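Q: These are the residues of each chain, in order.
There are 2 protein chains.
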Amino acid sequence: MDNKLYSEHIKLKNITINDPFWTNEQELVRNEVIPYQYEALHDRIDGAEKSYSVENFIKAGRVVEKLKNGEDVPVFPADKWCYDDKNTHPDAFRGWVFQDSDVYKWLEAVGYSLINHPDEALEEKADKIIDLICAAQLENGYLDTLYVINNRDEIFSNLKDFHELYCFGHLAEAAVSHYNATGKRKILDAACRFADLICKTFGEDKIRGYGGHEIAEMALIKLYDMTGKKEYLETAKFFIDERGKKPYYYDTVLGRTTVNDNYHYNQAHCEPRKQFEAVGHAVRGVYLYSGMADVAKRCNDEELFNACKKLIENIMHQKMYITGGIGSTVDGEAFTFNYDLPNDLAYSETCASIGLVFFARRMLEISPDAEIADTVERTLYNTVLSGMARDGKSFFYANPLEVLPEASHRDSRKHHVKPVRQKWFGCACCPPNLARMISSIGEYCFTENNDILYIHQFIGCEAKAKNADIEIISTYTENGRVHIKINPQKEFTLAVRIPKWCNNYKFSKPCEIKNSYAYFDIKSETEIYADFDMQVKMIKCSNRVRANIGKIAVTRGPFVYCIEEADNGKSLQMIKIKHRPEFRTDGDIIYAKGCREKECDILYSEWTNPEYTETEIKLIPYYKWGNRGENEMSVYISTL
Amino acid sequence: MDNKLYSEHIKLKNITINDPFWTNEQELVRNEVIPYQYEALHDRIDGAEKSYSVENFIKAGRVVEKLKNGEDVPVFPADKWCYDDKNTHPDAFRGWVFQDSDVYKWLEAVGYSLINHPDEALEEKADKIIDLICAAQLENGYLDTLYVINNRDEIFSNLKDFHELYCFGHLAEAAVSHYNATGKRKILDAACRFADLICKTFGEDKIRGYGGHEIAEMALIKLYDMTGKKEYLETAKFFIDERGKKPYYYDTVLGRTTVNDNYHYNQAHCEPRKQFEAVGHAVRGVYLYSGMADVAKRCNDEELFNACKKLIENIMHQKMYITGGIGSTVDGEAFTFNYDLPNDLAYSETCASIGLVFFARRMLEISPDAEIADTVERTLYNTVLSGMARDGKSFFYANPLEVLPEASHRDSRKHHVKPVRQKWFGCACCPPNLARMISSIGEYCFTENNDILYIHQFIGCEAKAKNADIEIISTYTENGRVHIKINPQKEFTLAVRIPKWCNNYKFSKPCEIKNSYAYFDIKSETEIYADFDMQVKMIKCSNRVRANIGKIAVTRGPFVYCIEEADNGKSLQMIKIKHRPEFRTDGDIIYAKGCREKECDILYSEWTNPEYTETEIKLIPYYKWGNRGENEMSVYISTL
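Chains as they are written, first to last, in my numbering: chain A, 1496 to 2135; chain B, 1496 to 2135.
Any given hint might turn out to be false.
When chains are identical, the list treats them as one kind, so a pair holds in a single copy or across two.
To be verified - Quick list of in silico lysine to aspartate or glutamate cross-link-like pairs, EDC-like style, CA-CA up to 20 Å:
| id | residue 1 | residue 2 |
| --- | --- | --- |
| 1 | K1913 | D1826 |
| 2 | K2065 | E1860 |
| 3 | K1995 | D2096 |
| 4 | K2119 | D2016 |
| 5 | K1740 | E1729 |
| 6 | K2093 | E2106 |
| 7 | K1695 | D1580 |
| 8 | K1725 | E2111 |
| 9 | K1804 | D2096 |
| 10 | K1679 | D1720 |
| 11 | K2073 | E2101 |
Honestly, the hints are just simulated from the structure, not real lab data.
These numbers were taken from a predicted model, which means no experiment stands behind them.
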């Protein structure tokens, strides 16, 4: 951990994305997802599960008004994860305990979008939402509609399950995004007031608790970076250091006498700086690790950084699908054990991959590492993008690597595996998370310090870096070509990541290659052409992964490929690929010579040589699967 | 369905088992399992979960006594599947709703054991248990401790979930077994009185319900066969014909207005005679199908038989593990869809395989079919036997085909997969079911009618058939040799099954081969030597089974083999077998030339030729796995 290497990402306001691939994704989010979600938050989408989010803010606002006026406000139980409409009181809370966060995620995405695409009508909608949010804030700064509405006396009484610190985190992230876009302080001030309350409430000599669903840690750091207020950093660090200490806060607050040793789900089984294996709920995990990396950098805390390093290595080396998906089981939406990566049972939640990207960028800001940047690329181009339909109107929460529709319908172990993307869910974490990720994609391209500017992702854009104006013209996703124009204000070093998938590459200027980055001394205005040979590759998986014995995956550039029933017929397990087949590409489609084993319906028979017929296998990028109706899909293909 | 072919199995009292393989299993049951279970039923095993079964009978007896004396008896709720000790009343019911059945299964096994092994002390224990049972019977014949103890007014009010008809079934089966062994009528009379009550209660113009866990159907037939009482057959038939009729009884009795269409679990989704695919809870399924076959034969009901035929074919051809295990998922302990046979997630409950043997024998009694007899063999020698440790002291409920202890411990999807056999469970269905199966193994060897005697299983024994005394001297499990001595009272035909696994066989007498049975005309005292070549075989699984692509299983004679970590080291997925390897046998161990792939810890890398080292693979019979502590196991082996 060398603090001379510390760097920062370039902020969105200094980046304009202009990329043949990503602009399209961003337009989808701007034109489809954000408007659709706005309607969903207002419960105006036919056939979609109700969100209740905006409704809850309106109700909470009424409660706050009544409290101010000294009127009586009823008390309802705040004891469930989800509230149906059985409580018919007009001001009863509805939906999931974490429902506020959907509004915040939408607002955060809107902020990112407005930076590059000013849109008066959208800004007005955001302002209205902000008015609703702020009206729901209690005088002391507290802001979570469940407790504001249901029971003010029970605030912060169930940190493990009831997501107040989680909702705070999303509020803070939305506030920073909105302030950066508009310069308006209203929601930022509200977030800071809530943050101040949290700092006053939690700490060494105060409540020694921490959130069951992490995010407050990294959110407090965002506020700290923006305001410079030391308490925010201290409280973030407190949440991390207190976590997992024995006796467990979650035990003592519940008045338990026996020690419950089962807090892996919440990453609270031991102190984070002693955690070296990624365990428990995957989204919570990577959100915590992101906060740990944030604190490690700002406190120059080597021990904490080392834990982060081990955790990200454990994920990348033992617990990550080839698509960048993490979380092998639906049960607890969780990590399992090393090398346990079943294709057909994978949970691989879209949100978890988004969280992995958050974590990875924070690690890159501490120390450049091409493998981590490769992981960002792997995750963005595969599991993150597969979360959204090509029309931006439906979404995957789980991103399996093998799908048989019959199994999804008839095998309860695979009910989470959806053969087609779903409309807005009641528990709609992934779509708004996708919206904020894609709208802010620019923040993941560069890191810089005073001396070096790192290009980690090759996305067409114009960026104002510390030492130079940069323009990237990229056809990277199509043919691996990147054209970099640099107009420096002073001499500096430009470091360009060389993707791991690329065996043959060419730079138009002399450079030094170190640890998979190409370093260029930039002295004056110049242009660099980078050419990454996009060979089709056959990838094998460690033979410790039992699901993939005798199988390979096909990749090209950043994309993992898959076979789909629509192109290759039913029973994809019959498709066999030779070890070194001929590949042919046509646009983003890959054709491979392969064969198809003759189907044998007899359950058990004496072994005989299988019969094959030659066939052409058609592969499409994984992120595009499931856009042609319900059908079989497989990333891994059996070898012959 | 040709009623000239109808036959019956030879009753236990006419068979004495004397077999080098099975005698040992029966001795284990007699000397270990039955005494151990007796203690377990009395809650006298340290460290085992409590059974409460005997305790409940004692309590119910007290209740009956009080009722007779006109004393007040308290009412407790009968609304749960399992009752803990929170209700501290000295007469409160404890344990699972179906706990009575464990006592009945023990008693049934004791009956079978006493037939061949008179044992005064054991008979006395059985008599005492019978006294307890009979004391718990209400005056009207009703007998189920849950309702006798907790609430007499709610008898038969929740047929779907609360197992009264199930417990009745096991009572009847125990009664028949005990009467056959001892000639004592006490428990038989009790069973008949309960059966009479059931016949009076259920029917066309009475309660139109049926049991949620089937067994009453086949149990009533046992009583019918013994007593000739027509009502028992009629009620069995009624239960089958009423099942699945719309509107569903389970809906109407619960006063539902909407139709619940989710009774697959109970095989009540449609009328049994229209069921052609085995679905739902596997044990319930095969118990129902057994009753259906019983009724089909006795009523000469071709439509019902055809459903049975399709169901057993569906099981044998699409839903059965190579070990004879059925039920691919722990979720509902159920069948899933065709060709869905995951090795590592298998439930494959011991009880379900036992039930499959019940069903199969009933089918053989209607129409001889070598494939069905093969299935009995496959099931008995593999999943049934694997249910019990080699010392008779611990048991498998689930019988997976692939085990990685780390997965069992760390992956909640596999918590049902135990790497070592377990002591007595609170829900102890499998061990007593195993005891009654193994003690009555003789009943599965032969079927006969006036003209033909079928030998389906080659177990050393002396048997009194209708037309002959038969002696079988068998070293079948060791070397495939069977020596049959026949002493006929009249001319008849002897039909000997030719096992499907056997390509080369020899009979010492001329015979006609038809549909995998060898037919011999027996005119006078004679001996036949049969020699079945026990070649080691490589078996492939249909390539519609995704879990087994690129893998084979090894069998020898009736035994499926497996590899275990104790013999082959960790990471069994690295072991590769060639398509036609050399096999060497040593006793019941098989050695094969194979190799081991070099471990590669790198999660994703470009495909290169794998490296192998040659190795000798050691295989043991599947039923013996897990007797050397916790370790990896796999039935299927990757091919090279």
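Q: Regarding K2119 and D2016, is the shortest C-alpha distance of 20 Å or less found within a copy, between copies, in both, or in neither?
A: neither (39 Å within a copy, 69 Å between copies)
Q: I want to check one pair: K1804 and D2096. Are their C-alpha atoms no more than 20 Å apart within a copy, between two copies, both, or neither?
A: between (49 Å within a copy, 18 Å between copies)
Q: What label fits K2093 with E2106 when the C-alpha limit is 20 Å: within, between, both, or neither?
A: within (5 Å within a copy, 29 Å between copies)
Q: Indicate which option fits the pair K1725, E2111 if close means a Cα-Cα distance not exceeding 20 Å: within, between, both or neither.
A: neither (62 Å within a copy, 65 Å between copies)
Q: Up to 20 Å between alpha-carbons, please classify K1679 paired with D1720: within, between, both or neither.
A: within (17 Å within a copy, 88 Å between copies)
Q: Within a copy, between copies, both or neither: which one fits K1740 and E1729 at a CA-CA cutoff of 20 Å?
A: Within one copy, since 17 Å is at most 20 Å while 67 Å is not.
Q: How would you classify K2065 and E1860 at a CA-CA limit of 20 Å: within, between, both, or neither?
A: For K2065 and E1860, the Cα distance exceeds 20 Å both inside one copy (46 Å) and across copies (40 Å).
Q: Could you figure out if K2073 and E2101 sit no more than 20 Å apart (CA to CA) within one copy, between two copies, both or neither?
A: between (25 Å within a copy, 14 Å between copies)
Q: Up to 20 Å between alpha-carbons, please classify K1695 paired with D1580: within, between, both or neither.
A: Cα proximity of K1695 and D1580: none, with 35 Å in one copy and 46 Å across.
Q: First find the shortest C-alpha distance between K1913 and D1826 inside one copy, then the shortest across copies, and answer within, between, both or neither for a cut-off of 20 Å.
A: This pair counts as both: shortest intra-copy Cα distance 16 Å, inter-copy 19 Å.
Q: What label fits K1995 with D2096 when the C-alpha limit is 20 Å: within, between, both, or neither?
A: between (42 Å within a copy, 17 Å between copies)
The structure is inconsistent with the numbered hints 2, 4, 7 and 8, although it conforms to all the rest.
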